[in-house]
Amino acid sequence: GENVEQHPSTLSVQEGDSAVIKCTYSDSASNYFPWYKQELGKRPQLIIDIRSNVGEKKDQRIAVTLNKTAKHFSLHITETQPEDSAVYFCAASAGFQKLVFGTGTRLLVSP
Amino acid sequence: GAGVSQSPSNKVTEKGKDVELRCDPISGHTALYWYRQSLGQGLEFLIYFQGNSAPDKSGLPSDRFSAERTGGSVSTLTIQRTQQEDSAVYLCASSSRQGSAEAFFGQGTRLTVV
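Residue numbers (this note's numbering), protein chains in the order written: chain A, 1 to 111; chain W, 112 to 225.
It cannot be assumed that every hint is accurate.
To be verified - Distance windows between CB atoms, simulated:
| # | chain 1 | residue 1 | chain 2 | residue 2 | range |
| --- | --- | --- | --- | --- | --- |
| 1 | W | LYS168 | A | GLN14 | 40 to 46 Å |
| 2 | W | LYS168 | A | SER18 | 38 to 44 Å |
| 3 | W | GLY162 | A | GLU83 | 34 to 40 Å |
| 4 | A | HIS72 | W | ALA165 | 28 to 34 Å |
| 5 | A | SER9 | W | GLN195 | 22 to 28 Å |
| 6 | A | ALA29 | W | SER184 | 26 to 32 Å |
| 7 | A | GLN60 | W | GLY210 | 21 to 27 Å |
| 8 | W | ASN121 | A | GLN45 | 18 to 24 Å |
| 9 | A | GLU15 | W | SER118 | 37 to 43 Å |
Stated by the list, open to error - Some, not all, of what chain W presents toward chain A, calculated at C-beta under 7 Å:
| # | residue |
| --- | --- |
| 10 | ARG208 |
| 11 | ALA212 |
| 12 | GLN218 |
Worth flagging that the hints you see were computed from the coordinates, not collected in a lab. Don't be surprised by glycine CBs; every beta carbon is placed ideally from N, CA and C.
So that you can see chain A by itself, here it is in the shape it has in the complex (with noise of 0.2 Å):
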C-alpha cells in the first residue's frame, strides 16, 4: 500500500521568511495530493491540494510542486506570518482510494 514520508518534523522560521515542507510517497498510480493546516485545539482543514496532471499550484503565499518522477511533493509558503504557525500534513492517495498521511511538520512562526 501507499506510504508517505514527510520531512521536517519541526521547522522554525522567522516572520517574513518561507518555509518548505518536503513529502515523498511510495505508489506510483498515487494522483491526489492535498496538505492539510491544524491549528492549536482544531480539526485539520484542506489549504491547498494538486492533482498529477499539473506540476505546480499556488493560492497567494502557499504553493505546492509535484514531481512525479521522484515521487515527492512539496508545500512552500512565502512571507510566513505568525498565523502560519500549525502542524501541517501532507496526504497522498490513488483516485478515491484511502487517503493517507504523513507524519506532520510542526511549523513555529517567530515575530
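Since chain A is already given, all that's left is putting chain W on it; use the hints.
Positioned in the frame of chain A, the structure of chain W alone reads:
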C-alpha cells in the same frame, strides 16, 4: 450543509469501561475514516470505510477496538476495556467519490481514561 459531526465532544471514562464514539459524515460521502491523535502527535490511522467494500481495519491497534458503519452513513467506534493509553482525540473524516477527493474532518472526540 452540515459538516462532519462527532459526539460526544468530550468523554471521561474509568479504566476498564467500554466507550462508543459516534461520527455523522457529510451526507452522500461514501468514504469514512477514523484517526487517533495523541497530544502533539500526528494522525494515527485506525479504519477506513468505502461504500459497500470491506473496511480497511489495518490500523486498529488491538482487538479492543472495533468500528461499524450502518447504512453507509453513521459510524460508531467502540473501545472495549479502555486503558489509560487510549486517551487521545479521536477524529473522523469523510470524503466523496465525486468531484474533489478532499477529506473533511469532524471536530473530534477527546477521550480521557482515568
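Comparing the hints with the structure gives:
For the hinted restraint 40 to 46 Å between LYS168/W and GLN14/A, the CB-CB distance of approximately 45 Å keeps it satisfied. Under the hint 38 to 44 Å, the C-beta atoms of LYS168/W and SER18/A, about 41 Å apart, fit the expected range. A hinted range of 34 to 40 Å holds for the C-beta pair GLY162/W and GLU83/A, which are about 38 Å apart. The given range of 28 to 34 Å is respected by HIS72/A and ALA165/W, whose C-beta atoms sit roughly 32 Å from each other.
For SER9/A and GLN195/W, the hinted distance range of 22 to 28 Å is satisfied, since their beta carbons lie about 25 Å from each other. Between ALA29/A and SER184/W the Cβ separation comes to about 29 Å, which falls inside the hinted range of 26 to 32 Å. Taken as a hint, the range 21 to 27 Å holds for the pair GLN60/A and GLY210/W, whose Cβ atoms sit roughly 23 Å apart. A C-beta distance of roughly 21 Å is found between ASN121/W and GLN45/A, which places it inside the suggested range of 18 to 24 Å.
Against the hinted window of 37 to 43 Å, the Cβ-Cβ separation of GLU15/A and SER118/W comes to about 39 Å, which satisfies the hint. For ARG208/W, the interface hint holds, since its Cβ comes within 7 Å of a Cβ in chain A; the closest pair sits about 4 Å apart. Hint status for ALA212/W relative to chain A: holds, with the closest Cβ pair at about 5 Å, below 7 Å. Annotation: GLN218/W was flagged as interfacial toward chain A, and the flag holds, the nearest CB pair being 6 Å apart, inside 7 Å.
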